[in-house]
Amino acid sequence: MKRHFRVWRGDASGGELRDFDVEVNEGEVVLDIIHRLQATQAPDLACRWNCKAGKCGSCSMEINGMPRLGCMTRMSTFTEDETITVTPIRTFPVIRDLVTDVSFNYEKARETPAFAPPPGVAPGDYRMRQVDVERSQEFRKCIECFLCQNTCHVIRDHDENKPAFSGPRFFIRAAELDMHPLDDRADRKEYAQASQGLGYCNITKCCTEVCPEHIKITDNAIIPMKERVVDRRYDPLVWLGRKIFRRDELESASAKPSSAHPSAPHPPTANPSAANPPTVNPPMSSARLPQTAPVGPDGHMDIAELVAPQQGGLSPFGEDIEFPLPPEQISYHHPDPDKSPDH
Amino acid sequence: MSTAIERHRYDVVVIGAGGAGLRAAIEARLAGKRTAIISKSLFGKAHTVMAEGGAAAAMGNVNSNDNWMVHFRDTMRGGKFLNNFRMAELHAKEAPERIWELETYGALFDRTKDGKISQRNFGGHEYPRLAHVGDRTGLELIRTLQQKIVSLQQEDFAETGSYDSRIRVFQETTITELMLDGDRVAGAFGYYRESGEFLLFEAPAVVLATGGVGRSYKVTSNSWEYTGDGHALALRSGATLINMEFLQFHPTGMVWPPSVKGILVTESVRGDGGVLRNSEGKRFMFDYVPDVFRKQYAETEEEGDRWYDDPDNNRRPPELLPRDEVARAINSEVKAGRGSPAGGVFLDVSTRLPAEQIIKRLPSMHHQFKELADVDITKEPMEVGPTCHYVMGGVEVDPDTGAAFGTVQGLFAAGEVSGGMHGSNRLGGNSLSDLLVFGKRAGEHAAAYVDTLGVRPKPAKIDVAAAAEVALAPLARAGGENPYTLQQDLQAVMGDLVGIIRRAGELTDALKRLQELKARVANVSADGGRLYNPGWHLALDLRNMLVVSECTAKAALEREESRGGHTREDFPKMSPEWRRVNLVCSLDEAGEVHLERKPVPRMRAELIDLFDRSELAKYMTDEELAEVEAE
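These protein sequence lines are chains A and B, in that order.
For what it's worth, UniProt numbering labels the leading residue of the first sequence as 1, then goes sequentially.
For what it's worth, UniProt numbering labels the leading residue of the second sequence as 1, then goes sequentially.
Since the hints were derived computationally from the structure, they do not count as laboratory data.
Note that the Cβ used here is the ideal one computed from N, Cα and C, for glycine as well.
Mixed in with the good hints there might be a few duds.
Pairs of lysine-lysine, DSS-like flavour, derived with a Cα cap of 27 Å [claimed, not checked]:
hint	chain 1	residue 1	chain 2	residue 2
1	B	K218	B	K518
2	B	K113	A	K141
3	B	K335	A	K2
4	B	K573	B	K598
5	A	K141	B	K518
6	A	K216	A	K141
7	B	K618	B	K598
8	A	K2	B	K218
9	B	K370	A	K141
10	B	K360	B	K113
11	B	K512	B	K598
12	B	K618	B	K295
13	B	K116	B	K218
14	B	K573	B	K335
15	B	K295	B	K282
16	B	K370	A	K216
17	B	K360	A	K216
18	A	K141	B	K360
What the simulated footprint calls covered on chain B by chain A, stretch by stretch (three residues with Cβ under 8 Å from a Cβ of chain A suffice, anywhere in the stretch; the number is not a length) [as the list claims (entries may be wrong)]:
hint	region
19	141-152
20	253-261
21	480-490
22	523-533
The following block holds chain B by itself, in its conformation from the complex (with noise of 0.2 Å):
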């Protein structure tokens, strides 16, 4: 086997291309670095299109009340007051810009009826916020950068003769290893995934933009290239992870047929008269108000039945009670054995709105079930349950610059792979304009910190050597575990025990048995060559998603309390105390992780004065409130 390692030097070397790695990239490129792209999938194939809703920002087009203080209160709101202020108000304040911007680059969102960027309502944004294209607007968004980037490589060529002298992708490459000298990022090491063959990258600064980590999970709308790389990057360079134990979960992901499990099912569908029913056919939604709920919900069926052509005089039917209870709701029956044949609940509208309604007051979600998966929501139910779609949490960083905290310097982190932003629950349509605002930020500051550097830090030999003995570890490992069979068992403990509702004693099993499966991990072979070979690439991966897990597991015992993507059954309140509180994972020296608790940075007088002091009241500790009103 060739051990023969390809190097490149590069000024800011990007880890991932999606959404935030490309702008960055460009950003990098513009302030004059030599700027390479890592990309594990072709490029152009990121995550980022599968977002559909639209990217916010306060431009007001649509409703001129808008701006970006209003924008930072939402957020906050939305994110239960968790969130980094500091990049809260970034965002708000930046996003127009970036938006405007993609227009220079070529980007075609819908138009107002004045020719400008229209904006549609979102559920958590007071005001018409999000800008789009039909529901492909994250699909635009990567095109958009995918055709900026070819448009510097050109000019590039015009003056150079080389279409790659300044910005290059590495299409289909995976990054194992970071490579430090003393605390400083000196590059990065990784494979081809067509022929197998490593390539160091010499680098002072690497940029993480990898994404999620949903593939952790059984039930997730997430691809195969969310497995938490850029998280294991970081915790294993000596960063911080951030608030790992806030995962948005969607209550009602398809969960059969199999070639839809994990799509999104809109609530609009439960909007509309759709109802959620266990195997024995029975409405459940009923038993599971909770009594602070109880005078705005219908009490039976006919109520509620009537509340949709009636909505003054009759309560809400239970099915629309907030995200997290439906959740919950399902999440229960499926337990008491009154689940689905495969584990989930029926959403039913067939048997509630004649065909020709559902299809003019649905059309996308029946020609996207109808054409994927041949599920005709006019005549059949949908199997559904809660299904894995974003992380709050990630690498901690500076707000305004992306740099990692913890002990490395030279490394940043922008998109769903830094945490903070979106405190304990994302609001749709902020992690677009994430993307855009945070990215441009991190390729900024890693090409000023480059700038900083007297010498180049240099990767060390044996640390190279020892990376590329680790990637081919399973190869060469005859006779040890199927990596799929270990994927598959690693998402079932996520799933069942640290899924959308958590409990102390499943949790503390969760981790003996994440342990567990650590050992196993560490005996995992592939067969196989090193030319394009998927089950050795899951090989790889399965180290990364196992130490991510771990990080969720733990913050999720210790968080002792229910916010936004947490759930804790219990401990079924939201605590003005734990409001206070960033659980931050780090590795010690043996490659356990650590858990820490550290305060919530406060927020500046300014910013506390955009809310009124009965909202602060609900979020806020009294002492808290008392330190408000002195100022």
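Next comes chain A alone, as it looks inside the complex (with noise of 0.2 Å):
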């Protein structure tokens, strides 16, 4: 039967959404079409594609919007009289109809520092223990098909921010390579934070939610990347919690549940929760959890903007907070003279 679709046709220089009816049989994928447009009605058309099976990541594409692979998208998930619509990966640079110039992923590559390996190890004497390499094989899985990157927001629609920004293919390199049980560099948080922009990221999880290897790029390799960087760079849950807390009520906050006052030690009882008297400070801001992601009824989140409430990443500090903040809400306290500077 025909099947209609609109195929986004052009160069660098524009290019417009042409529509084609075109026969779709049983049990075909989006890419076994484009191919069908090849052979009969277009065989200029340019398109990505090497194994077919999902495994080398060549065919990514927008479909209705979605970042997908082509080999991995069945026609029967759309229904008979739904129209296609087929653009190129809107993040990177057109070169021709769906074919686009990635060579952004390939720069970062380049700039992330390669794994070295460990001085005095000869080749056949590398140990691992199996639970040491499942961490990093997770992120070995990628199949470098770049939906994350397409789809992130930090430079999806902001070529301003690319210089500065790596993306999530590249956090899950610097995750690998620092959780590799015989990595010979100690600093792989520190550079993703320092040069590969990670403080960019607002872990709005929709690198994660398009990985077609379904790699949990933000859960296992971004959020620990934040979290052991967090006090030492640049982050904005910290940024934020570092201008309305004085260093020294910082450091108490984080070492609350052990001891945050040694001058007014709390009795040690059987119940220690019962014993927390009611914290007269306002919760620490840096304390909260970040925002989780807007997800649907579906239980998953839309990722496209031309499916989204609004354009752009999410706010790190929450989409209901405006800023600036009603005096009254802010939580500043003034030094208290009696405490000693020292303390």
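Take each chain as given, in its own frame, and dock them per the hints.
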């Protein structure tokens, strides 16, 4: 039966969606239809592909606004009268039709320091435990389809952020090397923060959502990397905390569970939670969990601007906070003159 | 139309960016040579990623009895003794070092309990021998080599301020012609796929690592890049191809739905109870048990079914006959008109086992078909047929250096594009280690060859102009044939007439049709411009596919026996006389394929001693056996 397709055709100078009516057979995927268009109606329609089995990550495209692999998007997932719109991935400059210039990713790959072999260990003498290699192996499943890079709001429609931001693909590369049992460099996380722009990431999990290999990019790579660098480097969550607390209060707040105020120790009791007095300080803003992703009723998040309620990334402070904050909500405390400054 | 040509000077140009190409490039760069890597796709997208099983290397991590001699023996048996023994020997000896080396580049293989590289069992290997990373070993290999190249570029950047100063990757670039200066390689001519602009590499040494030829077949597990470019470039520059008749077909590749056409269905589906049925619903394998196997295989469905639970007191069901027998049976059923709608037969496990058992025993099969094709193998039968998987034949090379034979100098080949290593049939797992062992050797010897040259060979202007003209011809020509139609016709000829089961009449017919196609391909035309135009790219690839297909058909007609990846219905037996013969193709002055017979090199005595005499008797002529005895 014939199905209606709209495929973006053009080059760097511009282009448009073209309409095609094309035969679709049972069991086909979008890439099959692109191939049929090439063979029958548009022999010069440009599209990357290789393995056609979801293993090489070449056929990245946007199908009805969703970043997908053409070979992994079955035609049976669309209703019969649905028009299927195929566009090139948007974050990278178009070369022609569905082919984009992804050299950004190869430049960032070059800038990411390579594996540093442990000195003095001969080839053949590497010994690692399976549980230890598995953490890095998750990230080595990456097929470099760059859908995560494409969907990331930091650089999607924000070319100005590209020089400073490496993107999820290279955060997992940094995390992979950080977790590699024998990598000889100890500064992977600092590097991610200082040179890869990890701080730009506001954990919207869009990258995880689109990953065809189901790598938990945010939970297993980005958040652990952020946690470990959080008190050393710029991060909006910490930055806000720094703005509204004095250093001594920050430190005491983080040490609270043990004994925050040695001058007024709590009496030891059988039930420690009951012993905690109602806190007088407002909760630390840096202690607040990051905003969770705004998932829809299906448990999935809208990832494309076409269907998202707003443009651009989410605010790291939560969508319900407006700046400037009303003064009565700012938890600023004047220095206590009775407290010794060297405390 | 601009005919400006971008020029580059390199010491070594590596064509192909799969495992063999990247490993060769690393070695050439480590030898201090300015190296270019040409990749038809993006960097890191090579077909090597499809390799799932692992890389065979006798490290002895799981069974300490394993060593290079056992591996060598397995490889020779797998190839039915037609392998180049020296290649099989080097491969078995050097594979462990090459695997260990990958760990120093950052590879993370699965581990044994004591922290070594884990090794798994695989068909034809006596001991657990395949280093693996789940079922994505090929991806790990490519990513590791890719990242090693980046790390070398980082070293160069620190030293020279340019990442590209010593090793540069030309992505999405296709080479259409090698340049010669007399008999010496002088460079390579090609185009950027993105822009369609031409480029010329002036280089005294070229390493071919372009992979296989599967795209000439209707049903194949290979990607679009597998158009036999390296084979054709070698032929046109005066090198020779060896044993091109040997293609590995897997009997059960998916033929339906189209989204998974060609993808392999592992043999364990049949081992776990899957049965083959034709369109009449008949379990036809019982009609195809050859006499030699009659005693080992069940005669009734009831007996065959009892075997799964009680293998000691029952005979195996005939679905478990060797690969070529199963493929032959499927082929016969389809040709007799009892095939499935898509031209295969039905492989059914859904009515044989409860769904939860299938999911437990075949998790990746179940997942793969669910995700890629929405086929639930627990609910419906699969449609399967033979799929083209790997070419054992290829560029005839010196086993130690990878240098191509024939009249050309400065040409090297490694990986699937080279021939000899696997004989008539490749063992699973031997291709990944083949890439590493011979990739390294080719890179090393290409670099050494450059050092022996006094004067750099220079490409002739007239050759460059001719190459540009040939490349532009399909665009300039109006009203010629559509390249996609031509490719389909070529695939039909090769798939139907030079497929898994071959007959003299069909092969003769195929050669005639290939000649007709040759005339049509000479008149192909491509619409559109030079900017990323896949129709134009295919039009240029077609002439490579055609010449390589002709070599395969000619050699298949010549070799009157059945061995490994070459099955002749009219000559069903393996012949010791034919084991002594390599079939070598070359191009003559007029561009016609010329075929000749050459003797297979004789194995050294200490290697022959690794085999029992009774085993040798299966492969060798009485005369050869007498000579072995005399030694």
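Status of the hints after comparison with the structure:
no., hint, verdict
1, B:K218 x B:K518, "holds, 18 Å"
2, B:K113 x A:K141, "holds, 22 Å"
3, B:K335 x A:K2, "violated, 31 Å"
4, B:K573 x B:K598, "holds, 21 Å"
5, A:K141 x B:K518, "violated, 43 Å"
6, A:K216 x A:K141, "holds, 11 Å"
7, B:K618 x B:K598, "holds, 21 Å"
8, A:K2 x B:K218, "holds, 24 Å"
9, B:K370 x A:K141, "holds, 20 Å"
10, B:K360 x B:K113, "holds, 24 Å"
11, B:K512 x B:K598, "holds, 25 Å"
12, B:K618 x B:K295, "holds, 20 Å"
13, B:K116 x B:K218, "violated, 42 Å"
14, B:K573 x B:K335, "holds, 22 Å"
15, B:K295 x B:K282, "holds, 22 Å"
16, B:K370 x A:K216, "holds, 21 Å"
17, B:K360 x A:K216, "holds, 24 Å"
18, A:K141 x B:K360, "holds, 23 Å"
19, 141-152, "holds (count 5)"
20, 253-261, "holds (count 5)"
21, 480-490, "holds (count 5)"
22, 523-533, "holds (count 7)"
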